[in-house]
Structures are given as structure tokens and as C-alpha cells.
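Enquirer: Chain by chain, the residues run as shown.
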Amino acid sequence: MQADAARARELEDLRPALLRIARLHLRNDAWAEDAVSETLLAALESRTVFEGRSKLKTWAVGILKHKIIDTFRARKREEPLADGEDDGGVEDGIFKEDGHYRDWPKEWSTPETQLSRNQFLEILEVCVQQLPPAQGRIFLMREWLELPTDEICNQLSITTTNAGVLLHRARLRLRECLNLNWFQTPSA
Amino acid sequence: MRYSPFLTCRQAARLITAELDRELNPLERLGLSLHLRICDACPMVIRQLAQLRRSVRELRDDSEK
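Those protein sequence lines, which keep their order, are chains V and Y.
According to this note's numbering, the residues represented by the first sequence are 2 to 189, in order.
According to this note's numbering, the residues represented by the second sequence are 34 to 98, in order.
Hints were generated in silico from the structure; no laboratory data involved.
Be a bit skeptical, because a hint or two may be false.
Claimed, not checked - Derived DSBU-like pairs: lysine-lysine, alpha-carbon spacing no greater than 30 Å straight-line: (1) V:Lys66 <-> V:Lys56; (2) V:Lys97 <-> Y:Lys98; (3) V:Lys58 <-> Y:Lys98; (4) V:Lys66 <-> Y:Lys98; (5) V:Lys58 <-> V:Lys77; (6) V:Lys77 <-> V:Lys66; (7) V:Lys107 <-> V:Lys97.
Note that the coordinates shown come from a computational prediction; the quantities given were computed from them, not determined experimentally.
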């Protein structure tokens with residue numbers, strides 16, 4: 002049983018990293034903690050043998066992604082997960098009444114150094130966290146979990162149109178957030 | 034959306050993001066390609082959204098590593 006104790010410790014060390022991913026997706030701390038605890042338990046019960054920590058983490062993240070989708074499916078009855086938050090304003094902020102961009106889009110630079118790349122990704126994560134919950138959830142299902150739209154609609158019980166609107170708003174918001182917090186900064 | 038072949042940037046943006054999730058129908062494709070021929074702003078937005086997609090995957094791969 003010593004092996005079990007060692008595995009339990011290795012898994013416990015993964016908790017903060019798994020929680021960060023779960024919180025980003027689920028946008029609800031209690032759900033995220035439940036999903037991570039279930040993931041760690043499932044990983045502990047498995048007899049799969051791993052060489053090295055990174056493989057253990059990859060495997061645990063794989064379990065967590067399934068738990069995240071399970072959570073959406075289980076919780077959609079008690080809380081509408083994507084009820085089309087009233088957020089039509091994002092388009093009005095970006096486009097003039099005649100349909101043109103208020104601010105002419107500028108070319109985005111690619112971060113050149115490792116440091117600026119990492120800083121850019123940190124800003125991106127904060128921008129994702131700041132999305133309205135329904136937009137953040139569906140955006141990450143699409144772009145992080147890479148689920149096809151029809152599967153997302155199934156899991157969340159929403160229409161394709163609703164999903165399209167939420168994804169559109171999420172992307173416009175992220176574009177604005179990155180423009181404001183990264184690409185307009187002189188040092189970027 | 035009504036399918037005038039002359040789209041505004043606001044309408045074009047909806048098709049640009051939709052194309053990240055699904056195939057456009059022939060009318061949508063035609064409208065967008067006509068618009069892109071006369072618009073300098075929207076091609077830039079297409080590149081920005083492609084960079085957004087790549088960056089989210091980088092963030093994911095870093096977080097899961």
C-alpha cells in the first residue's frame with residue numbers, strides 16, 4: 002500500500018493546477034472543487050502505471066476534462082448554463098451605427114520573447130476569466146476542449162443560434178480585452 | 034441576417050466568427066468574399082481571431098503540461 006500513498010501524494014500535488022483549469026471552465030468554485038476531487042479519486046483508484054510526473058498530469062487532466070463536461074450536463078437543470086446573457090452591447094461598442102469599426106483594427110504583433118509570450122498568455126487568461134460566465138464556458142468548450150458546436154449545444158441544451166451568438170460575443174470581447182490590455186501597450 | 038451581397042463590417046464579423054465553428058452556406062460565403070475584396074479592416078480581424086485561437090491553445094497546452 003506504500004505505492005498507493007506515493008500515488009496519492011503525487012496526485013495531491015496536482016490539485017492546484019487542476020483547480021485552475023476547472024475554475025476557468027466551470028466558473029463556479031464549488032463545482033470546480035468537486036470536479037477536481039472526483040478526478041483525483043478516479044485517478045487514485047486506477048491501476049495505471051506512469052513513468053514520470055508529466056505523464057501523470059496529462060492523464061489526470063484528461064480525466065478532469067470529462068468531469069467538466071459531466072458537470073455541465075448534470076448542472077444544466079438547476080442553473081441555466083448559457084441563457085443568452087443580455088450582452089448585445091458589445092457589438093455596439095465596437096461598431097458604429099453604419100456598421101463600420103469605431104477603431105480601425107490594427108495588426109497584432111506576435112510576442113517575440115519567451116517572457117512577453119508568457120505575459121501575453123497571462124493577460125489572455127485574465128480576459129477569459131472576465132467574460133460573462135455563459136460566454137466563458139462555451140468559448141472554452143469550443144476552443145480549449147475543441148468540442149464541435151453541435152456537441153456543445155447538446156451538452157448545454159441550447160440552440161445552434163444561441164451558441165453562435167455567445168461565441169461571437171465572447172470572441173469580440175476577448176479581442177477588445179487584448180486590444181486594451183496588451184496590443185495598445187507601448188512595450189508589447 | 035438578410036443576405037444583401039453588400040455586408041457591413043458588423044455583419045461580416047458575424048460570418049468571420051461563425052466560420053470558426055461551422056461551414057458557411059453559399060450565400061454567406063459569397064457575401065463575405067465580396068466584402069473582403071473591398072474591405073481592409075476585416076482581413077485584419079480574421080488574422081486577429083486566428084491568433085486568438087492559436088493563443089488559447091498555447092495557454093491550454095502550457096496549463097496541461
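Enquirer: Failing hints, ascending?
Expert: 2
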